[in-house]
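Peer 1: With the hints as extra help, turn the sequences into a complete structure.
Keeping their order, the protein sequence lines are chains A and B. Following my numbering, the numbering of the first sequence begins with 1 at its first residue and continues without gaps. Following my numbering, the numbering of the second sequence begins with 1 at its first residue and continues without gaps.
Watch out, some of these pointers could steer you wrong.
[Stated by the list, open to error] Mimicking DSSO-like on lysine-lysine, the simulated pairs with C-alpha atoms at most 27 Å apart in a straight line are:
hint, chain 1, residue 1, chain 2, residue 2
1, B, K193, B, K149
2, B, K62, B, K136
3, A, K193, B, K193
4, A, K149, A, K136
5, A, K193, A, K136
6, B, K149, A, K136
The hints are simulated quantities; they were obtained by calculation from the structure and are not laboratory data.
Protein chains: 2
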Amino acid sequence: MTKHIVTAFDTDLRDLLLELAQMAGWAERSVELAVDALMTGARDEAERVIADDDRVDEADRKIESDAVLLIARRQPMGDDLRVIVSSMRVSQDLERVGDLAKNIAKRALIIDGTIQQRTLAHGVDSLSRLVLGQLKRSIEAFVERDTAKAEDVWRHDAEIDALYTSLFRELLTYMMEDPRNISSCTHLLFCAKNLERIGDHATNIAERAIYTRTGEMMAVNRPKQDELGTAVSEPNRPN
Amino acid sequence: MTKHIVTAFDTDLRDLLLELAQMAGWAERSVELAVDALMTGARDEAERVIADDDRVDEADRKIESDAVLLIARRQPMGDDLRVIVSSMRVSQDLERVGDLAKNIAKRALIIDGTIQQRTLAHGVDSLSRLVLGQLKRSIEAFVERDTAKAEDVWRHDAEIDALYTSLFRELLTYMMEDPRNISSCTHLLFCAKNLERIGDHATNIAERAIYTRTGEMMAVNRPKQDELGTAVSEPNRPN
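Peer 2: In structure tokens, the structure reads:
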């Protein structure tokens, strides 16, 4: 291979990673706006998130098609091929993040209303801050191939799980106290679950960052502690 | 290219699709067992699903690594490259199906107990039958490149959404009637949501089957009618 071809490949790969970073920015912004809509009841923000999801989906398709073109044209091997394939995986994770944000936005439109619901939503807001931080750092780690940052994201997923679990218990308590809360709290439960899932996608992206550097996937099972642990299950445990 | 190389590629591709079909079989079996555990309270079945998820995850990693090897070795172009890339996407969908089945199994272990809960779970059982049929047909459509079957899957997703929505409403009613149902019904709500998501993954796989034949992705938005439509939201709508 000549120097020229290597350089052309590097340029193409940089373009692909830039597309991915831009897509990540859109997905992050959607999560931010969706949670804000949930907190403030701003219907225009929720509607914007719903409309913007097409752009994220379109970016996913473009990244896949550019990646396929890049493979066909430059026929990369080894590490280079692994980075391109991983970019498609990360793009699929981001596409799901966009979907989850859209789902939060739809629920924001439904539970919009009482101050009381806004109070209940504060836990969701804290959770979203943690999750957004993780998502941002995971993409940086992937694009900059920064394994230290990726490991940091990987370790911090436990904090999201802990906060999600406590929120899950809190929301259940509200539902038990007053049946009128059930409908709204159910939607907030799903919003919280969506945020916890976005955290999982950030962890997937971090694992990809490590994989593209080392060629090794992280251990299959990272310690998971969610609402299916000891939390809410106690009252119903058969023994 | 010589005849020999083309044939070797065809063999490799057939092997990759066989791996994918086998993985799909495992994922389907996990969904089936998880729902059965939910219905009958069979703890051993739930535990088996949880243990088996590693195998599905491992299959996903193997398919990706075999696909990368196949690309590097045979340097396929056009349609061939598109099928391989799509196989990785489908594998990622199936890996998520496995995760969702595992999540149902974990919830089966928690809500195991009263007959009453089993009664509530019947809707979940019907939903799972529909979803499993869709998943099976979507994989057949992808592996056999059968676009008619894929379109059939694509059209039937609306039935899953309708059944899920009615189940969502029913579960909410039970929660409102008796606060003692809240904890179990919340877990059933998440089980129902997981099944609806598995249906979405089947639709993704069907879309991939069409894409690998036609080179065209389906329309961005298929008509979606879930619990975020008019259903449960009515009581809380601000106007």
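Peer 1: Evaluate each hint against the coordinates.
Peer 2: Each hint, compared with the structure:
no. : hint              : result
1   : K193(B) - K149(B) : holds (25 Å)
2   : K62(B) - K136(B)  : holds (21 Å)
3   : K193(A) - K193(B) : holds (11 Å)
4   : K149(A) - K136(A) : holds (11 Å)
5   : K193(A) - K136(A) : holds (19 Å)
6   : K149(B) - K136(A) : violated (40 Å)
Consistency note: the structure conflicts with earlier hint 6 alone.
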